[in-house]
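Engineer: Line order of the protein sequences matches chains A and B. Heads up, the first sequence is in my numbering, so the first residue is 1 and it goes up one at a time. Heads up, the second sequence is in my numbering, so the first residue is 556 and it goes up one at a time.
Be aware that one or more of the hints could be misleading.
What the hints assert, rightly or not - Partner residues aside, some chain B positions facing chain A, computed with beta carbon under 8 angstroms:
1) Ala740
2) Leu742
3) Ser746
4) Pro757
5) Asn758
Please keep in mind that the hints were generated in silico from the structure rather than gathered at the bench. We put the beta carbon where it would ideally sit given N, CA and C, even for glycine.
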Amino acid sequence: MAPKLLSVNDLAVSFRTRRGEVKAVRGISFALARGETLGIVGESGSGKSVTSYALLRILDAGGTIRTGGVTYGGIDLRAASERGMRDIRGREISMIFQNPRAALNPIRKVGHQIEDVLRQHGRASRQDARAKAIKALADVRINDPEARYDAYPFELSGGMCQRVVIAIALACDPKLLIADEPTTGLDITTQKAVMDLTRDLIRARGMSSILITHDLGLAAEYCDRLAVMKDGEIVETGAAADVFARPRHPYTARLVDATPRPGADLRALLPAEARTPLVPHAVSNTPLLEVQGLTKTYTGKSGPVHAVKGIDFTIRQGASVGLVGESGCGKSTTSSMLVRLLDPSAGRILFDGQDIGAIPADRFARNPLRGAIQMVFQDATDSLNPRHTARDTIGEPLRRLTTLDGAARRARVEELAAMTGLPAGLLDRFPHQLSGGQKARVGIARAIATDPRLLILDEPTAALDVSIQAVVLNLLADLRTRLGMSYLFVSHDLNVVRLLCDEVIVMQGGEIVEAGPAAQVMDAPAHPYTRALLGAAPKPPSAPRSPQAPDRAAE
Amino acid sequence: MTDAPAPSHSNSARAHLVYVLRDNPVTLIAFALCAFFVLSALIGPYLVPHDPLATNAARALQPPSFDHWFGTDSLGRDVFSRVIVATRLDLTISVAAVALSFVIGAVLGAVAGYWGGWWDVVLNRIFDTIMAFPLFVLAMGIVAALGNTVENIIYATAIINIPFYARLVRAEVNIRREAGFAQAARLAGNSHLRVVAFHIFPNALPPMMVQVSLNLGWAILNAAGLSFIGLGVRPPTPEWGIMVAEGANFIVSGQWWVALFPGLWLMLAVFTFNLMGDGLRDLVDPRRRT
Numbered sequence: 001m002a003p004k005l006l007s008v009n010d011l012a013v014s015f016r017t018r019r020g021e022v023k024a025v026r027g028i029s030f031a032l033a034r035g036e037t038l039g040i041v042g043e044s045g046s047g048k049s050v051t052s053y054a055l056l057r058i059l060d061a062g063g064t065i066r067t068g069g070v071t072y073g074g075i076d077l078r079a080a081s082e083r084g085m086r087d088i089r090g091r092e093i094s095m096i097f098q099n100p101r102a103a104l105n106p107i108r109k110v111g112h113q114i115e116d117v118l119r120q121h122g123r124a125s126r127q128d129a130r131a132k133a134i135k136a137l138a139d140v141r142i143n144d145p146e147a148r149y150d151a152y153p154f155e156l157s158g159g160m161c162q163r164v165v166i167a168i169a170l171a172c173d174p175k176l177l178i179a180d181e182p183t184t185g186l187d188i189t190t191q192k193a194v195m196d197l198t199r200d201l202i203r204a205r206g207m208s209s210i211l212i213t214h215d216l217g218l219a220a221e222y223c224d225r226l227a228v229m230k231d232g233e234i235v236e237t238g239a240a241a242d243v244f245a246r247p248r249h250p251y252t253a254r255l256v257d258a259t260p261r262p263g264a265d266l267r268a269l270l271p272a273e274a275r276t277p278l279v280p281h282a283v284s285n286t287p288l289l290e291v292q293g294l295t296k297t298y299t300g301k302s303g304p305v306h307a308v309k310g311i312d313f314t315i316r317q318g319a320s321v322g323l324v325g326e327s328g329c330g331k332s333t334t335s336s337m338l339v340r341l342l343d344p345s346a347g348r349i350l351f352d353g354q355d356i357g358a359i360p361a362d363r364f365a366r367n368p369l370r371g372a373i374q375m376v377f378q379d380a381t382d383s384l385n386p387r388h389t390a391r392d393t394i395g396e397p398l399r400r401l402t403t404l405d406g407a408a409r410r411a412r413v414e415e416l417a418a419m420t421g422l423p424a425g426l427l428d429r430f431p432h433q434l435s436g437g438q439k440a441r442v443g444i445a446r447a448i449a450t451d452p453r454l455l456i457l458d459e460p461t462a463a464l465d466v467s468i469q470a471v472v473l474n475l476l477a478d479l480r481t482r483l484g485m486s487y488l489f490v491s492h493d494l495n496v497v498r499l500l501c502d503e504v505i506v507m508q509g510g511e512i513v514e515a516g517p518a519a520q521v522m523d524a525p526a527h528p529y530t531r532a533l534l535g536a537a538p539k540p541p542s543a544p545r546s547p548q549a550p551d552r553a554a555e
Numbered sequence: 556m557t558d559a560p561a562p563s564h565s566n567s568a569r570a571h572l573v574y575v576l577r578d579n580p581v582t583l584i585a586f587a588l589c590a591f592f593v594l595s596a597l598i599g600p601y602l603v604p605h606d607p608l609a610t611n612a613a614r615a616l617q618p619p620s621f622d623h624w625f626g627t628d629s630l631g632r633d634v635f636s637r638v639i640v641a642t643r644l645d646l647t648i649s650v651a652a653v654a655l656s657f658v659i660g661a662v663l664g665a666v667a668g669y670w671g672g673w674w675d676v677v678l679n680r681i682f683d684t685i686m687a688f689p690l691f692v693l694a695m696g697i698v699a700a701l702g703n704t705v706e707n708i709i710y711a712t713a714i715i716n717i718p719f720y721a722r723l724v725r726a727e728v729n730i731r732r733e734a735g736f737a738q739a740a741r742l743a744g745n746s747h748l749r750v751v752a753f754h755i756f757p758n759a760l761p762p763m764m765v766q767v768s769l770n771l772g773w774a775i776l777n778a779a780g781l782s783f784i785g786l787g788v789r790p791p792t793p794e795w796g797i798m799v800a801e802g803a804n805f806i807v808s809g810q811w812w813v814a815l816f817p818g819l820w821l822m823l824a825v826f827t828f829n830l831m832g833d834g835l836r837d838l839v840d841p842r843r844r845t
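Can you build the whole structure from these sequences, using the hints too?
Structural biologist: This is the structure:
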């Protein structure tokens, strides 16, 4: 066995808060060998990020390491002086943060930001800093690094920014790289490119790394060993393939189950005891929504920007259609136009035969059809007014769009809460007092309050943990059957779309490149872009708990 | 990061007030002082030991004593009574001026922040123009032009404070214009006007409360300053600014109490309102109710 680079022994971290001490990490131990990649997997609040901050001693104010020791290459990191830690951070251990844009200084050229790190650790002099920074950019496979040296972060795409962050992290040849959710918020193809790059660089330099993620598929694909965290404790560790094929801890089994994967149906995501039979939803052949030549052109500073270039599709009554594409493909613009928040530049939106695209978005609020087309927003936190309680939020469409009086409205809000599985006791809470899953339920309850016939779902589960995503997806499937709604499900996650949708539309650059029944598009993609999207999705082990381990174990 | 455990406290407004006060002793002191000033303004004139306007040449410029706690001024009037009675006028001027600038600033700022475009450009240039003047000089000019009355002091003080509110509201509304909850409010059948007024604007209240508390202090100083230079409340009306101006003449001859006590009250009032800022913000921010 290779010598240990990092060993963590009974580490406990707690935070002082107004409500007393919160134990974020409760005595965890793990070790990392040279050249090894460890994945720390867990849902939000499991303490996985806090662990990595504790290693580098960059905990927020109020956070302290209670007990335990961290030894890195023979140095006791807990006892090291702050001055000593400054030398270690960046030169020995470096970190890639979650949001690449936030991690870069927005008003400094990216080249200068790389030079800063190099010079801080004495790796470059004023004379050769530029050349070394350009080399660092070239190492992360940025095209034309000479030109990119002078770019500001806002001029680069999210994926490019993350490459720059990786370049900064690797500039001083650290021995250990900690990546905290490095691809959250990146498109799926970009995610694959960034992860492949990181893996190649780590291998080429013989580094060790820790990948912190909530995405089991991602961790399985890129890590040698996994540690599964829950409530500040490591519940299971083992070789990546083993953890997936034979999860020993019930929590791990639940996580593995909840990860969307080909071959599993919606109910299979839930814990075994919650799997009730799924009632199929009825799809009629009558079109509910017909989109014809829908176009949106913005006037940009450098000429017109064609966000949506004349697309046509139909949503039948009761059908669920998935709209898939990467950021900037026009899917959000399309959904804004359909839900009548944005006016199209050209084309028709026929809802039940009536051209609602001709009604200005500013006046649609008073249209009788307003209640028939509703939307569930991407970010449950952002879409709830921080000053309104859950009851106010769910009741708002009822107050404006129906004639129900106070008592009837109250009863309806409670009925909606029950329908979406939100405990009635939580109705008087403000959004900040609710968990992510509860906020998602409030958002769904509000959207279905007026019995809409078409519900547009804009990545409703993107910000949720997988186990909560599984519950919310099943809830959406049940509501669809119960209320006979049609769904337009906007997403970048093809595995999720496959679970919920009858048909799939793939958009790229404002155009529809492929459309058809979900199974056909997924299993026999005709367009190269669809194939690229499918190929980029992390591959969770297809048959969990099956006796034969996936091939990856052999690597 | 780690999710805080879900709170189970009661949400009632009073429990929240008690919590805010207990959490921060400075807020408690500020609210107590504020209550003292409000009580002085409401019932002070009925309780003071002497008529604030009654002159008595025989007792002019007496130092503080048991009979005259803050001494007497050059006309023999009781300084304590005058300081207490002046509270009502000074608070009225500052609260009215701040309320006026709060309302006008909020409306103009919300219009500029939500609708943007030409509204934003025109309104911002107007605010820039107001702020380009030395504000006290602008207030002097307004009072001098409109006439020397309490109403005009209020208008002048309000006008010079409008840009602070308008800019704050504009920024707060602007960042929430495209927020998910604003769009959701549109989907719930709200017109643009309702979205701004009932969904977006209330979110700007916490920072505005801080601005209000600072502004109350400035407004009192501004009114006192105008009176001090003779452009404001006229003698013999008791008002802290005039009293300091009158008393200033006697400091060189050793009668310090005539200027000191109104000055001290003025300082305490400004101090109180500035200290209240954080407490007021915590009170109107539901996120603090955990």
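Engineer: Among all the numbered hints in the text so far, which are the ones the structure does not match?
Structural biologist: Going through the list in order, the structure violates no hint and respects every one.
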